[in-house]
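Peer 1: Residue numbers (our numbering), protein chains in the order written: chain A, 338 to 522; chain B, 338 to 522.
Calculated directly from the structure, the hints in this document are not laboratory data. Among the clues, some could well be false.
Just so you know, same-sequence chains aren't split out, so a pair can sit in one copy or run between any two.
[Stated by the list, open to error] Only pairs whose alpha carbons sit at most 20 angstroms apart, straight line, appear in this in silico DMTMM-like list of lysine to aspartate or glutamate:
no. : residue 1 : residue 2
1   : K388      : D470
2   : K513      : E414
3   : K388      : D499
4   : K513      : E411
5   : K513      : E417
6   : K501      : E456
7   : K393      : E431
8   : K490      : E477
9   : K388      : E498
10  : K393      : D478
11  : K386      : E431
12  : K393      : E461
13  : K388      : D478
2 protein chains.
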Amino acid sequence: MKYCSECGNKVSYYTPEGDNRPRHNCHFCQIIHYSNPNIVAGCLPVYQKNKILLCKRAIEPRRGYWTLPAGYMENNESVEAAALRETREEANAEVNIISLYTLTSIVHASQVQMLFLAELPTPEFSSGIESLDVQLFSFEDIPWNQLAFQTIKNALTFYIEDYKAGKFPLHNVVLKAPPKQLIKP
Amino acid sequence: MKYCSECGNKVSYYTPEGDNRPRHNCHFCQIIHYSNPNIVAGCLPVYQKNKILLCKRAIEPRRGYWTLPAGYMENNESVEAAALRETREEANAEVNIISLYTLTSIVHASQVQMLFLAELPTPEFSSGIESLDVQLFSFEDIPWNQLAFQTIKNALTFYIEDYKAGKFPLHNVVLKAPPKQLIKP
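If we strip away everything but chain A, and leave its shape as in the complex, we get (with noise of 0.2 angstroms):
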């Protein structure tokens, strides 16, 4: 943020009075601008209880890597209906949500991933407009290799474990931005 969104002057970045971090604060507006977290919500859908539906990506980031449906939360929305949304959007797919399955916290992109496990009740779904293809994989098909983001193959494997068991308690995960590497000289 370089300018003000509400008088189009100049912001100043520093820690306001009573603060601990610094903000950009308008002068002309007397308004300080906070930044937060964004939230991602999406499903895991399941049909049969042994396939996941997973889409090929259409757009960038990683476009042409499997992932599961999920996208911005958009305003006036709640989270389930957020991940319904995406579900229908990127797979064409109307699914019953069961639980919250995962919350990501993804510390380095200030951002908040929560997938819902998902039931999809018949096989139905095709390509979204962010989509180059939608398919239903077994456990031993899904292409970890070509997997979008490490949320994804967290889920995917926490499901496959958890199919095992019998239970699908909520996996609360935090991602932090692995370790710079050393340059060596």
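Using the hints provided, position chain B relative to the given structure of chain A.
Peer 2: Quick look at chain B alone, frame taken from chain A:
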């Protein structure tokens, strides 16, 4: 938003091509400015399982009313870290998180509130800068008519019920604005 935060020129509000809802568009930067829900993170701190730590708000909204320690999640922290930070800031209390306890979509306010059940290991706490008072309450002493928010009332009600049952599952709630009152002629 009236002006672009990157270049300071006026933005236009309309639905971009390929999108399905209006956004603030900057024609100079070719940027679309998205607005998304904010996360409020906090704790339901419990001492010896049957006493709950509440804070009397020193700030608006709802100054003078009782609440659980909670506040906006910051960039580059996890949801749990935000909940622990708010508990430290508002109640000078160090707690141990047990599990995610309530997930509330406050649809009309574009907010998502996540409260963690947490153990207060020792009865050590005091008022932080945003609190007028901090106290432990037995169930029968909870000031139901002086609670700050519906989400807090819900969380306390859930806890007292769950305490009887001995199980503390995640409670997933969607709150929508109450219907507008009819004004009689």
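Peer 1: Within a copy, between copies, both or neither: which one fits K501 and E456 at a CA-CA cutoff of 20 angstroms?
Peer 2: Cα proximity of K501 and E456: one copy only (17 angstroms, versus 32 angstroms across).
Peer 1: Is it within, between, both or neither when you check K388 against D478 at 20 angstroms Cα-Cα?
Peer 2: within (10 angstroms within a copy, 51 angstroms between copies)
Peer 1: When no copy is specified for K388 and D470, does a C-alpha distance of 20 angstroms or less occur within a copy, between copies, both, or neither?
Peer 2: within (16 angstroms within a copy, 53 angstroms between copies)
Peer 1: Given a CA cutoff of 20 angstroms, do K386 and E431 count as a within-copy pair, a between-copy pair, both, or neither?
Peer 2: within (16 angstroms within a copy, 41 angstroms between copies)
Peer 1: Indicate which option fits the pair K513, E414 if close means a Cα-Cα distance not exceeding 20 angstroms: within, between, both or neither.
Peer 2: Close across copies (9 angstroms), not inside one copy (28 angstroms); limit 20 angstroms.
Peer 1: Is it within, between, both, or neither for K513 and E417, if the alpha carbons may be no more than 20 angstroms apart?
Peer 2: Answer is between; shortest inter-copy Cα gap is 14 angstroms, intra-copy 25 angstroms.
Peer 1: Please sort K513 with E411 into within, between, both or neither, judging by C-alpha distance up to 20 angstroms.
Peer 2: Cα proximity of K513 and E411: across copies only (15 angstroms, versus 25 angstroms in one copy).
Peer 1: As a check of your reading, is K393 near E431 (CA-CA no more than 20 angstroms) within one copy, between copies, both or neither?
Peer 2: within (18 angstroms within a copy, 44 angstroms between copies)
Peer 1: Between K388 and E498, at a C-alpha cutoff of 20 angstroms, which is it: within one copy, between copies, both, or neither?
Peer 2: within (14 angstroms within a copy, 37 angstroms between copies)
Peer 1: With identical chains treated as interchangeable, where does the CA-CA distance between K490 and E477 reach 20 angstroms or less: within a copy, between copies, both, or neither?
Peer 2: Within one copy only: 14 angstroms inside a chain, 46 angstroms across chains, cut-off 20 angstroms.
Peer 1: Please work out whether the CA atoms of K388 and D499 approach to 20 angstroms or closer within one copy, between two copies, in both situations, or in neither?
Peer 2: within (14 angstroms within a copy, 34 angstroms between copies)
Peer 1: Check K393 against E461 for me: Cα-Cα at most 20 angstroms, and say if that holds within a copy, between copies, both or neither.
Peer 2: within (16 angstroms within a copy, 52 angstroms between copies)
When the structure is compared with the earlier hints, no violation turns up for any of them.
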